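Protein chains: 2
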Amino acid sequence: MSSTALLTDQYELTMVEAGLASGAAHRRCVFEVFARSLPRGRRYGVVAGTGRMLEGLEQFRFGGPELDWLASRKIVGEQTLEFLRDYRFSGSMWGYPEGEVYLPHSPVLRVEASFAEACLLETFILSVLNHDTAIASAASRMTVAAGERPCVEMGSRRTQEMSAVAGARAAAVAGFAATSNLEAGRRWELGTLGTAAHAFTLLHDSEEEAFRAQVEAFGPGTTLLVDTYDVEAAVNKAVEIAGPELGAVRLDSGDLVEQAHEVRRQLDSLGNTSTQIIVSSDLDEHAIARLQSAPVDSYGVGTKLVTGSGAPTASMVYKLVERTDDAGTPVRVRKSSSGKESVGGAKQAARRYDAQGRADAELVGLGELPTSPDQRTRELMVPLVLDGQVQPGHTGAEGVRRAAQRHRDSVTELPAAAQRLQEGEAVIPTIFA
Amino acid sequence: MSSTALLTDQYELTMVEAGLASGAAHRRCVFEVFARSLPRGRRYGVVAGTGRMLEGLEQFRFGGPELDWLASRKIVGEQTLEFLRDYRFSGSMWGYPEGEVYLPHSPVLRVEASFAEACLLETFILSVLNHDTAIASAASRMTVAAGERPCVEMGSRRTQEMSAVAGARAAAVAGFAATSNLEAGRRWELGTLGTAAHAFTLLHDSEEEAFRAQVEAFGPGTTLLVDTYDVEAAVNKAVEIAGPELGAVRLDSGDLVEQAHEVRRQLDSLGNTSTQIIVSSDLDEHAIARLQSAPVDSYGVGTKLVTGSGAPTASMVYKLVERTDDAGTPVRVRKSSSGKESVGGAKQAARRYDAQGRADAELVGLGELPTSPDQRTRELMVPLVLDGQVQPGHTGAEGVRRAAQRHRDSVTELPAAAQRLQEGEAVIPTIFA
Numbered sequence: 001m002s003s004t005a006l007l008t009d010q011y012e013l014t015m016v017e018a019g020l021a022s023g024a025a026h027r028r029c030v031f032e033v034f035a036r037s038l039p040r041g042r043r044y045g046v047v048a049g050t051g052r053m054l055e056g057l058e059q060f061r062f063g064g065p066e067l068d069w070l071a072s073r074k075i076v077g078e079q080t081l082e083f084l085r086d087y088r089f090s091g092s093m094w095g096y097p098e099g100e101v102y103l104p105h106s107p108v109l110r111v112e113a114s115f116a117e118a119c120l121l122e123t124f125i126l127s128v129l130n131h132d133t134a135i136a137s138a139a140s141r142m143t144v145a146a147g148e149r150p151c152v153e154m155g156s157r158r159t160q161e162m163s164a165v166a167g168a169r170a171a172a173v174a175g176f177a178a179t180s181n182l183e184a185g186r187r188w189e190l191g192t193l194g195t196a197a198h199a200f201t202l203l204h205d206s207e208e209e210a211f212r213a214q215v216e217a218f219g220p221g222t223t224l225l226v227d228t229y230d231v232e233a234a235v236n237k238a239v240e241i242a243g244p245e246l247g248a249v250r251l252d253s254g255d256l257v258e259q260a261h262e263v264r265r266q267l268d269s270l271g272n273t274s275t276q277i278i279v280s281s282d283l284d285e286h287a288i289a290r291l292q293s294a295p296v297d298s299y300g301v302g303t304k305l306v307t308g309s310g311a312p313t314a315s316m317v318y319k320l321v322e323r324t325d326d327a328g329t330p331v332r333v334r335k336s337s338s339g340k341e342s343v344g345g346a347k348q349a350a351r352r353y354d355a356q357g358r359a360d361a362e363l364v365g366l367g368e369l370p371t372s373p374d375q376r377t378r379e380l381m382v383p384l385v386l387d388g389q390v391q392p393g394h395t396g397a398e399g400v401r402r403a404a405q406r407h408r409d410s411v412t413e414l415p416a417a418a419q420r421l422q423e424g425e426a427v428i429p430t431i432f433a
Numbered sequence: 001m002s003s004t005a006l007l008t009d010q011y012e013l014t015m016v017e018a019g020l021a022s023g024a025a026h027r028r029c030v031f032e033v034f035a036r037s038l039p040r041g042r043r044y045g046v047v048a049g050t051g052r053m054l055e056g057l058e059q060f061r062f063g064g065p066e067l068d069w070l071a072s073r074k075i076v077g078e079q080t081l082e083f084l085r086d087y088r089f090s091g092s093m094w095g096y097p098e099g100e101v102y103l104p105h106s107p108v109l110r111v112e113a114s115f116a117e118a119c120l121l122e123t124f125i126l127s128v129l130n131h132d133t134a135i136a137s138a139a140s141r142m143t144v145a146a147g148e149r150p151c152v153e154m155g156s157r158r159t160q161e162m163s164a165v166a167g168a169r170a171a172a173v174a175g176f177a178a179t180s181n182l183e184a185g186r187r188w189e190l191g192t193l194g195t196a197a198h199a200f201t202l203l204h205d206s207e208e209e210a211f212r213a214q215v216e217a218f219g220p221g222t223t224l225l226v227d228t229y230d231v232e233a234a235v236n237k238a239v240e241i242a243g244p245e246l247g248a249v250r251l252d253s254g255d256l257v258e259q260a261h262e263v264r265r266q267l268d269s270l271g272n273t274s275t276q277i278i279v280s281s282d283l284d285e286h287a288i289a290r291l292q293s294a295p296v297d298s299y300g301v302g303t304k305l306v307t308g309s310g311a312p313t314a315s316m317v318y319k320l321v322e323r324t325d326d327a328g329t330p331v332r333v334r335k336s337s338s339g340k341e342s343v344g345g346a347k348q349a350a351r352r353y354d355a356q357g358r359a360d361a362e363l364v365g366l367g368e369l370p371t372s373p374d375q376r377t378r379e380l381m382v383p384l385v386l387d388g389q390v391q392p393g394h395t396g397a398e399g400v401r402r403a404a405q406r407h408r409d410s411v412t413e414l415p416a417a418a419q420r421l422q423e424g425e426a427v428i429p430t431i432f433a
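Heads up: the sequence lines are chains L and R, in that order.
Residue 268 in full-length UniProt numbering is what sits at position 268 of the first sequence, and the numbering runs on without skipping anything.
Residue 36 in full-length UniProt numbering is what sits at position 36 of the second sequence, and the numbering runs on without skipping anything.
Simulated from the structure, these hints should not be mistaken for lab results.
Here the structure is a predicted model, which means the values were calculated and not measured.
Please note that a few of the clues may not be correct.
Because identical chains cannot be distinguished in the list, a pair is counted as satisfied if it fits within a single copy or across any two copies.
Listed next, the in silico DMTMM-like pairs over lysine to aspartate or glutamate satisfying Cα-Cα at most 25 Å (straight line) [stated by the list, open to error]:
#1 K237 with E208
#2 K74 with E189
#3 K74 with D282
#4 K74 with D360
#5 K340 with D230
#6 K340 with E258
#7 K74 with D268
#8 K340 with E425
#9 K74 with E379
#10 K237 with E341
#11 K237 with D297
With the rest of the complex left out, here is chain L:
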């Protein structure tokens, strides 16, 4: 990806065009990103994509090919083309750092810049945050359900090829231990995993030959897929070929709870007490929860993860909440469209804690940081970009590692109800202070 600048809706550019002509495009503006609600029944969400958004921001430049195309299609005129030619974001952004829990109306991102500079970024910012946040929010329910057992992301084939890369990263933010996706592993230094599919077994004249080829190539510590034909026979063969060192067997079909018990008994009776069992058939957080009592060692999660487990987008919006008038005085603004009302004015946010150190409210303040007279609070928004400079610690592999730690810390602070998988209200209320 050389330039990210055309990953946008046409109207961002036409608004700049009309605003440059009228002069209003130079007004200082505050835009905010928030979700009016969590996906149906969810208790909390997890902010993700911040690092990717900041990486893409640095590539948000209009080069020759982009400008030539815009000119040839007459999408904007000469004045706007000149503006776009020199465009680089020179404003500032504050937001919930990646991995942080969010709730309805949490101001997860605040963008301060001229209208023209901030408007141009709307679609790109929302695309990244809406997708990655949806995946991380689903992934968090899965890692919470899995407890100490590792989850492995294997969903690449069930989502667009670049969403797969972003989804693997978002899963890592929310505690997934590894991914099957190589490009995600390369970009953000994620752990990658993978051994063989059913096709590898079918390729050989017998299951035994396939297992032998795999063990010869990767040693007995490999993971053998044992459900191409008959599971019991396959486990016997796997142990016979790989011996007591056999790393793991994988089950990818059928009643996983029952099979895990049977296979565990069989492995133990063969002396393979340290051979692990990996399961991976259409798992979601509910299936993981059901499997917690079964002797399973790790979970491979695919489709349901990369499609957000029923909520493929976080439905965040990017709204103008404040802008200057001709005298340079800030004016709070809000639309009053039916069902889509918003709250004007730049916001700050803090999480409030009870005496036991559990989060008990999301405080959102207009203009200044909300506090509580008697309770501890924690400021939630941090500087991400200051005067055009992306702040350190949010991008690259470091950004993902820090976000994963933040996710653990932030989820741990939530009330126990956060771990409930059934549908319910947000786990803590959002209070406009």
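Given the coordinates of chain L, assemble chain R onto it according to the supplied hints.
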């Protein structure tokens, strides 16, 4: 995107590694892509992504950066790295051309190559086809519901930024008239649209100033967004400022049916009988169907389109169905895993028609093309790649145009029940001949 080769699951490479070591990787194989079922309640699906997949196939090369990373992570050894260095797909592919209707078990793609060559492509092929097919299948329900009224794709912000580009293309395959996404417009010469958001109105001291700025920049033929504050007042102002030439007004909130009637009456009473009404608030195929009786001129569709309207992935799989043995003789293969059985052997497919020229069955034959003694049939699979050469007409802007025409033709042939939006069975049965 320089190389697409790491947009894959690790196990595709480790299977090649083990297969090269054992020699089995050189066996000639047939893999097939199909969906065991349509998304719940859908009557038919629309194949999409074929052109993008073929475009990406030409970039599926392991260059220095990819090989260095694989070596540094020790994901595969020297023999496999050598193989990957020279990799280019030299096999053949046949499949349903893009835009064609498919049904459960339709063999939408057949890949013939050595195991190593075909296995490597699994994840990438599925990622592209599963995403684009899901979007096109949802889009087709929308364009069918919309009848002669144009649908415009506006969902970029609600999906990952590259999925947005692919989604706009898939929507065009299924009959969408235009997209807001500029990168999609550039890559495949799609029509693009867009004028202004609520932020543009809020930026100005009054709605009137905002409308004036927009009309000055784009002329009276522009589309004015009239629901930032009070719709009736906004329509009056819009007509006052733009005059009888006002191109369109857009409604993005509230009860669209009721508002469309009111705004139409208002526009007509002001003499603006040719000013159009565009609606765009969380539309899906059901909302479009409800709006068909309202005086609406076009539909802007976002979230529900790019998330597949409840079915974000087509759940297609890529299965080994045939491979040679040591003597070079083809052997049909299939796994027998519980709930995931497949049918061995390379398949061909034809659509069968009744005397009125309506499609009445999907015929799938093993080995040879299925025919019907008394009824007309049409062969469905066409050559996409022959001996490594991508066949003309499937990629680029031409590919999208041809796919859109094919979609129209193919949907038109289906029984009337295909147009029902309520849940039901596949509109024609799949018959294994």
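Consistency of the hints with the structure:
1. In this assembly of identical chains, K237 and E208 lie within 25 Å of each other by CA distance solely inside one copy; the values are 6 Å within and 78 Å between copies.
2. With identical chains, the CA atoms of K74 and E189 are at most 25 Å apart between copies only, with a shortest distance of 14 Å across copies and 42 Å within one.
3. Taking CA atoms no more than 25 Å apart as the test, K74 paired with D282 passes in neither setting, with 47 Å inside one copy and 29 Å between copies.
4. Taking the shortest alpha-carbon separations for K74 and D360, neither the intra-copy value of 53 Å nor the inter-copy value of 47 Å comes in at or below 25 Å.
5. Taking CA atoms no more than 25 Å apart as the test, K340 paired with D230 passes between copies only; the shortest distance there is 13 Å, against 56 Å inside one copy.
6. In the homo-oligomer, the alpha carbons of K340 and E258 lie at most 25 Å apart only across protomers (17 Å), although the nearest pairing inside one protomer, at 48 Å, exceeds that limit.
7. For a Cα distance limit of 25 Å, the shortest separation of K74 from D268 qualifies neither inside one copy, at 71 Å, nor across copies, at 31 Å.
8. In this homomeric assembly, K340 and E425 come within 25 Å of each other (Cα to Cα) only inside a single copy, at 20 Å, whereas the closest approach across copies is 37 Å.
9. Within a single copy, K74 and E379 get their C-alpha atoms no closer than 46 Å, and across copies no closer than 43 Å, so neither meets the 25 Å cut-off.
10. When the C-alpha separation of K237 and E341 is checked against a cutoff of 25 Å, the pair qualifies only between copies, where the shortest distance is 22 Å, while the shortest distance within a copy is 64 Å.
11. In the homo-oligomer, the alpha carbons of K237 and D297 lie at most 25 Å apart inside one protomer (21 Å), although the nearest pairing across protomers, at 66 Å, exceeds that limit.
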